[in-house]
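**Student:** Sequences are here, hints too, so could you generate the full structure?
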Amino acid sequence: SFGFSVLKAGPMGLDESSSSTGQYGIQSPMVAGLGATRKHIGVSHPLEASELNYHKNNERMEMLMLRNTQGLHAPMRLAMEIKAAEKIGRLPFLPSSNLMRDVILGRDDDIGFEDILNTAEFREQMGQPHAVVEKSLGIL
540 SFGFSVLKAG PMGLDESSSS TGQYGIQSPM VAGLGATRKH IGVSHPLEAS
590 ELNYHKNNER MEMLMLRNTQ GLHAPMRLAM EIKAAEKIGR LPFLPSSNLM
640 RDVILGRDDD IGFEDILNTA EFREQMGQPH AVVEKSLGIL
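So in my numbering, the last spot in the sequence shown is 679, and the numbers never skip.
One should not assume that every hint holds.
Heads up, simulated DSS-like pairs for lysine-lysine below, C-alpha to C-alpha not over 25 Å straight-line [to be verified]:
(1) K595 - K547
(2) K626 - K674
(3) K626 - K595
(4) K547 - K626
Derived from the structure by calculation, the hints contain no laboratory data.
**Tutor:** In C-alpha coordinates form, the structure reads like this:
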(Lines of atoms letter the chains of each structure in order from A; the text may use other names.)
(Lines give C-alpha, C1' and ligand atoms only; values in the text may rest on other atoms or scores of the structure.)
Protein backbone atom coordinates (compact mmCIF):
# COMPACT_ATOMS: atom_id res chain seq x y z
CA SER A 540 0.00 0.00 0.00
CA PHE A 541 2.37 2.67 -1.33
CA GLY A 542 4.99 2.08 1.37
CA PHE A 543 2.97 3.63 4.20
CA SER A 544 3.13 1.86 7.53
CA VAL A 545 -0.05 0.59 9.17
CA LEU A 546 -1.22 2.92 11.93
CA LYS A 547 -2.81 1.67 15.14
CA ALA A 548 -5.24 3.70 17.21
CA GLY A 549 -4.80 4.19 20.92
CA PRO A 550 -6.64 6.24 23.52
CA MET A 551 -5.73 9.90 23.94
CA GLY A 552 -6.01 12.29 26.84
CA LEU A 553 -5.00 10.03 29.71
CA ASP A 554 -2.16 12.26 30.89
CA GLU A 555 -1.84 12.84 34.59
CA SER A 556 -0.90 16.28 35.85
CA SER A 557 1.36 16.50 38.85
CA SER A 558 1.29 20.14 39.86
CA SER A 559 1.43 20.30 43.63
CA THR A 560 1.51 23.92 44.63
CA GLY A 561 -0.91 24.05 47.54
CA GLN A 562 -1.35 22.25 50.82
CA TYR A 563 -3.45 19.47 49.28
CA GLY A 564 -1.55 19.19 45.98
CA ILE A 565 -3.71 21.62 43.99
CA GLN A 566 -3.51 25.34 43.35
CA SER A 567 -5.36 27.67 45.66
CA PRO A 568 -8.64 28.79 44.08
CA MET A 569 -8.28 32.18 45.79
CA VAL A 570 -5.02 32.80 43.90
CA ALA A 571 -5.45 31.01 40.58
CA GLY A 572 -9.25 30.98 40.21
CA LEU A 573 -11.68 28.08 40.01
CA GLY A 574 -10.84 27.12 36.43
CA ALA A 575 -7.15 26.63 37.20
CA THR A 576 -7.96 24.45 40.20
CA ARG A 577 -10.40 22.25 38.28
CA LYS A 578 -7.86 21.20 35.64
CA HIS A 579 -5.33 20.15 38.31
CA ILE A 580 -7.76 18.03 40.33
CA GLY A 581 -7.75 15.25 37.76
CA VAL A 582 -10.34 12.60 37.16
CA SER A 583 -12.41 11.17 39.97
CA HIS A 584 -12.99 7.79 38.33
CA PRO A 585 -10.82 5.75 35.94
CA LEU A 586 -13.56 5.71 33.30
CA GLU A 587 -14.13 9.48 33.40
CA ALA A 588 -11.16 10.33 31.17
CA SER A 589 -12.16 7.62 28.72
CA GLU A 590 -15.76 8.86 28.65
CA LEU A 591 -14.71 12.50 28.11
CA ASN A 592 -12.61 11.56 25.09
CA TYR A 593 -14.84 8.78 23.72
CA HIS A 594 -16.06 10.56 20.59
CA LYS A 595 -12.61 11.93 19.76
CA ASN A 596 -10.97 8.51 20.18
CA ASN A 597 -13.73 6.78 18.21
CA GLU A 598 -13.45 9.27 15.35
CA ARG A 599 -9.66 8.92 15.32
CA MET A 600 -9.92 5.12 15.22
CA GLU A 601 -12.45 5.23 12.36
CA MET A 602 -10.20 7.58 10.36
CA LEU A 603 -7.22 5.26 10.87
CA MET A 604 -9.27 2.23 9.82
CA LEU A 605 -10.43 4.09 6.71
CA ARG A 606 -6.83 5.00 5.91
CA ASN A 607 -5.62 1.44 6.36
CA THR A 608 -8.42 -0.12 4.30
CA GLN A 609 -9.24 2.45 1.59
CA GLY A 610 -6.16 4.63 1.43
CA LEU A 611 -5.44 8.23 2.29
CA HIS A 612 -8.25 9.72 0.19
CA ALA A 613 -11.13 8.38 2.34
CA PRO A 614 -10.27 10.11 5.65
CA MET A 615 -9.29 13.29 3.78
CA ARG A 616 -12.65 13.37 1.97
CA LEU A 617 -14.55 12.71 5.19
CA ALA A 618 -12.57 15.43 7.00
CA MET A 619 -13.36 17.91 4.21
CA GLU A 620 -17.07 17.07 4.42
CA ILE A 621 -17.04 17.53 8.20
CA LYS A 622 -15.23 20.86 7.90
CA ALA A 623 -17.72 22.07 5.27
CA ALA A 624 -20.65 21.00 7.46
CA GLU A 625 -19.21 22.89 10.45
CA LYS A 626 -18.81 26.12 8.44
CA ILE A 627 -22.50 26.26 7.54
CA GLY A 628 -24.33 27.70 10.49
CA ARG A 629 -27.23 29.71 11.70
CA LEU A 630 -27.34 33.32 12.71
CA PRO A 631 -24.76 34.21 15.39
CA PHE A 632 -27.29 34.38 18.23
CA LEU A 633 -28.73 30.91 17.47
CA PRO A 634 -26.63 27.95 18.61
CA SER A 635 -26.06 25.27 15.99
CA SER A 636 -27.29 21.73 16.57
CA ASN A 637 -24.54 20.29 14.29
CA LEU A 638 -27.07 17.98 12.66
CA MET A 639 -25.10 17.75 9.39
CA ARG A 640 -21.93 16.78 11.27
CA ASP A 641 -23.82 14.12 13.21
CA VAL A 642 -25.28 12.69 9.98
CA ILE A 643 -21.83 12.51 8.36
CA LEU A 644 -20.36 10.77 11.41
CA GLY A 645 -23.36 8.45 11.82
CA ARG A 646 -24.36 9.83 15.23
CA ASP A 647 -27.82 11.02 14.17
CA ASP A 648 -29.45 7.81 15.45
CA ASP A 649 -27.82 7.97 18.89
CA ILE A 650 -29.67 9.40 21.88
CA GLY A 651 -27.23 10.72 24.43
CA PHE A 652 -27.02 12.82 27.56
CA GLU A 653 -26.75 16.06 25.59
CA ASP A 654 -29.96 15.33 23.65
CA ILE A 655 -32.11 15.19 26.77
CA LEU A 656 -30.52 17.63 29.22
CA ASN A 657 -29.01 20.22 26.87
CA THR A 658 -32.09 21.62 25.17
CA ALA A 659 -32.03 25.13 23.72
CA GLU A 660 -34.48 26.69 26.17
CA PHE A 661 -32.28 25.80 29.16
CA ARG A 662 -28.96 27.04 27.76
CA GLU A 663 -27.10 29.76 29.62
CA GLN A 664 -26.11 31.71 26.52
CA MET A 665 -28.66 34.40 25.88
CA GLY A 666 -28.14 37.64 24.12
CA GLN A 667 -29.96 40.33 22.26
CA PRO A 668 -30.15 39.14 18.66
CA HIS A 669 -29.57 42.55 17.10
CA ALA A 670 -26.52 43.28 19.25
CA VAL A 671 -24.97 39.88 18.54
CA VAL A 672 -25.42 40.23 14.76
CA GLU A 673 -24.05 43.79 14.79
CA LYS A 674 -21.01 42.63 16.77
CA SER A 675 -20.34 39.74 14.37
CA LEU A 676 -20.60 42.10 11.38
CA GLY A 677 -18.26 44.64 13.01
CA ILE A 678 -20.86 47.41 13.21
CA LEU A 679 -20.93 47.60 17.00
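**Student:** Given the hint that K547 pairs with K626, does the C-alpha gap stay at or below 25 Å?
**Tutor:** 30 Å, violated
**Student:** Hey, K595 versus K547, does the alpha-carbon distance stay inside 25 Å?
**Tutor:** 15 Å, holds
**Student:** Would you check the hint for K626 and K674, treating anything up to 25 Å between C-alpha atoms as holding?
**Tutor:** Between K626 and K674 the Cα gap is close to 19 Å, so the pair holds against 25 Å.
**Student:** CA of K626 to CA of K595, is that 25 Å or under?
**Tutor:** 19 Å, holds
In summary, the one numbered hint that this structure violates is 4.
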